[in-house]
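Chemist: Protein chains in written order, with my numbering: chain A, 1 to 252; chain B, 1 to 87.
Note that these hints are calculated values from the structure, not bench results.
Glycine included, every Cβ here is placed at the ideal spot set by N, Cα and C.
Be careful, since some hints might not be right.
[Said to hold, decoys possible] When the alpha-carbon atoms are kept at most 25 Å apart in a straight line, the in silico DSS-like pairs for lysine-lysine are as follows:
| # | chain 1 | residue 1 | chain 2 | residue 2 |
| --- | --- | --- | --- | --- |
| 1 | B | 44 | A | 144 |
| 2 | B | 48 | A | 209 |
| 3 | A | 184 | B | 48 |
| 4 | A | 144 | A | 60 |
| 5 | A | 245 | B | 48 |
| 6 | A | 184 | A | 209 |
| 7 | A | 60 | A | 209 |
| 8 | A | 245 | A | 184 |
| 9 | A | 144 | A | 161 |
| 10 | A | 151 | A | 161 |
| 11 | A | 151 | B | 48 |
| 12 | A | 209 | A | 161 |
[What the hints assert, rightly or not] Computed footprint of chain A on chain B, listed as stretches where at least three residues anywhere in the stretch have a Cβ under 8 Å from a Cβ of chain A:
| # | stretch |
| --- | --- |
| 13 | 10–18 |
| 14 | 68–76 |
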Amino acid sequence: MKTNTLTRSLPREREAISMICFPYAGGNPSIFQDWGRFLGSGFEVVAATLPGRSSRMTEKPLTSWQDLLDDTWHHLQQHLENPHILFGHSFGGRAAYELLHYIERRGLRTTTQLIVSGCRSPQYCQNQPMMHPLSDGAFLSAIKTMNGTPKAVLEHPEIMKLLLPTIRADMMLSEIWTDYHNSKTHAPISVILGRDDPIESRASVVGWKEFTHAAFEIVEIDGGHFNIDEEPQDYTAVITDILEKTHARNNI
Amino acid sequence: MQNEAPNPEIEDWVIQAFIDLGIDSIGPETDFFAGGGSSLTAIKLISKVDQEFGEYALPPVDLFERPTVAQIAVTIGANCAPERASA
Numbered sequence: 001m002k003t004n005t006l007t008r009s010l011p012r013e014r015e016a017i018s019m020i021c022f023p024y025a026g027g028n029p030s031i032f033q034d035w036g037r038f039l040g041s042g043f044e045v046v047a048a049t050l051p052g053r054s055s056r057m058t059e060k061p062l063t064s065w066q067d068l069l070d071d072t073w074h075h076l077q078q079h080l081e082n083p084h085i086l087f088g089h090s091f092g093g094r095a096a097y098e099l100l101h102y103i104e105r106r107g108l109r110t111t112t113q114l115i116v117s118g119c120r121s122p123q124y125c126q127n128q129p130m131m132h133p134l135s136d137g138a139f140l141s142a143i144k145t146m147n148g149t150p151k152a153v154l155e156h157p158e159i160m161k162l163l164l165p166t167i168r169a170d171m172m173l174s175e176i177w178t179d180y181h182n183s184k185t186h187a188p189i190s191v192i193l194g195r196d197d198p199i200e201s202r203a204s205v206v207g208w209k210e211f212t213h214a215a216f217e218i219v220e221i222d223g224g225h226f227n228i229d230e231e232p233q234d235y236t237a238v239i240t241d242i243l244e245k246t247h248a249r250n251n252i
Numbered sequence: 001m002q003n004e005a006p007n008p009e010i011e012d013w014v015i016q017a018f019i020d021l022g023i024d025s026i027g028p029e030t031d032f033f034a035g036g037g038s039s040l041t042a043i044k045l046i047s048k049v050d051q052e053f054g055e056y057a058l059p060p061v062d063l064f065e066r067p068t069v070a071q072i073a074v075t076i077g078a079n080c081a082p083e084r085a086s087a
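Take these sequences, add in the hints, and give me the full structure.
Modeler: Here is the structure:
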C-alpha cells in the first residue's frame with residue numbers, strides 16, 4: 001500500500017499536534033521533510049501528497065477544488081478530526097484555506113491555526129497574467145521566469161514532460177481561485193509575506209483579515225516567493241513564533 | 001521487459017544510491033518518492049544510473065511509475081547490457 005502522507009518528527013508525543021502542510025503549485029511534499037526536526041517535539045509535520053506527485057505520481061492530477069478537498073479529507077481525516085494546524089504556501093495556502101472551510105462545514109472546530117504564506121487573499125483578484133491556458137512551450141517559459149523550479153529539472157525535457165500536467169493543474173486551481181464562501185472562518189489566520197516577493201505584496205494579502213472571526217496578523221520575512229525552499233529554517237522559526245503566540249492566547 | 005527477475009547486486013547498488021541521495025528507510029520496498037525523493041533528486045539518481053549502467057538504463061517514466069528499490073533494479077537489469085547486470 002502506498003504512503004499518502006510524509007510523516008516527520010516521528011516520536012509522536014502524547015500532546016503532539018499535527019501540522020498539515022501544502023506545498024506550492026507542482027511542489028513536492030519533500031520540501032517539508034526537515035520541518036519536523038526544525039519545529040521540534042510537540043509537532044507532527046504531515047505533508048499532504050496530492051495526486052500527480054511524489055508517491056502518487058501515477059495518479060491523474062486533480063482539476064477541481066471539490067475533488068482536491070474530498071481527496072485530502074479521505075487521506076487525512078484522522079488528523080483533521082483532531083486539533084491541528086493548517087499551513088500552505090502560495091497554491092498550498094489556497095488549499096489550506098479551502099480545507100479549513102471544508103472542515104468547518106462538517107461542524108468541526110479542530111483547526112487551531114491557519115498559516116498561509118506567499119498567498120493572495122481570496123477576494124484579491126489574480127493580477128498576474130493567467131498561465132494555465134498557455135501552450136506547453138509558453139507555459140514552460142513562464143515557469144522559468146518564476147524561479148521556483150531547479151534549473152536541472154527545467155532543462156530535462158523528459159522530466160518536465162512528466163511534471164507539466166501536475167504543475168498546470170495546480171496553477172489552474174490557483175488562478176481561478178476566488179472568494180467562494182463569502183464567510184469568515186473560526187481559526188486565527190497568520191500570513192507570512194516575503195519582503196522581496198515579486199508575486200505577492202502587503203496589498204494582495206491584507207484582505208485576509210476579513211476571513212476570520214479570530215486573531216489575524218501579517219508577518220514579514222526576508223526573501224522572495226521561493227524562500228521556503230531556500231531558507232526553510234527562517235520559515236520554521238517564524239512559524240514557531242506564531243504558534244507560541246496562539247498557544248499563549250489559548251491559555252489565558 | 002526482457003528480464004523481470006530481481007538482481008540482488010543491482011538492488012544493493014540502488015540502495016547505496018538512495019543512501020547517497022538522502023532517501024529514508026532503505027529496503028527493497030522503499031519508494032523513491034515516498035522516501036523524500038524530489039524531481040531534482042530523480043535527475044541525480046538517473047544520472048548516477050547512466051554513469052554506472054550506461055545511458056538510458058533508467059528512463060524517467062519508469063522511475064516515476066515504478067519507483068521502489070526492487071522495481072528500479074528490475075528496470076535497470078532489463079535495460080543494461082548483460083555483462084554489466086551481472087558485474
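Chemist: Each hint needs a verdict: does it hold in this structure or not?
Modeler: For each hint, the structure was consulted:
no. : hint            : verdict
1   : 44(B) / 144(A)  : holds, 20 Å
2   : 48(B) / 209(A)  : violated, 49 Å
3   : 184(A) / 48(B)  : violated, 51 Å
4   : 144(A) / 60(A)  : holds, 23 Å
5   : 245(A) / 48(B)  : violated, 46 Å
6   : 184(A) / 209(A) : holds, 9 Å
7   : 60(A) / 209(A)  : violated, 35 Å
8   : 245(A) / 184(A) : holds, 21 Å
9   : 144(A) / 161(A) : holds, 14 Å
10  : 151(A) / 161(A) : holds, 15 Å
11  : 151(A) / 48(B)  : holds, 18 Å
12  : 209(A) / 161(A) : violated, 39 Å
13  : 10–18           : violated (count 0)
14  : 68–76           : violated (count 0)
Checked against the numbered hints above, the structure breaks hints 2, 3, 5, 7, 12, 13 and 14 and satisfies the rest.
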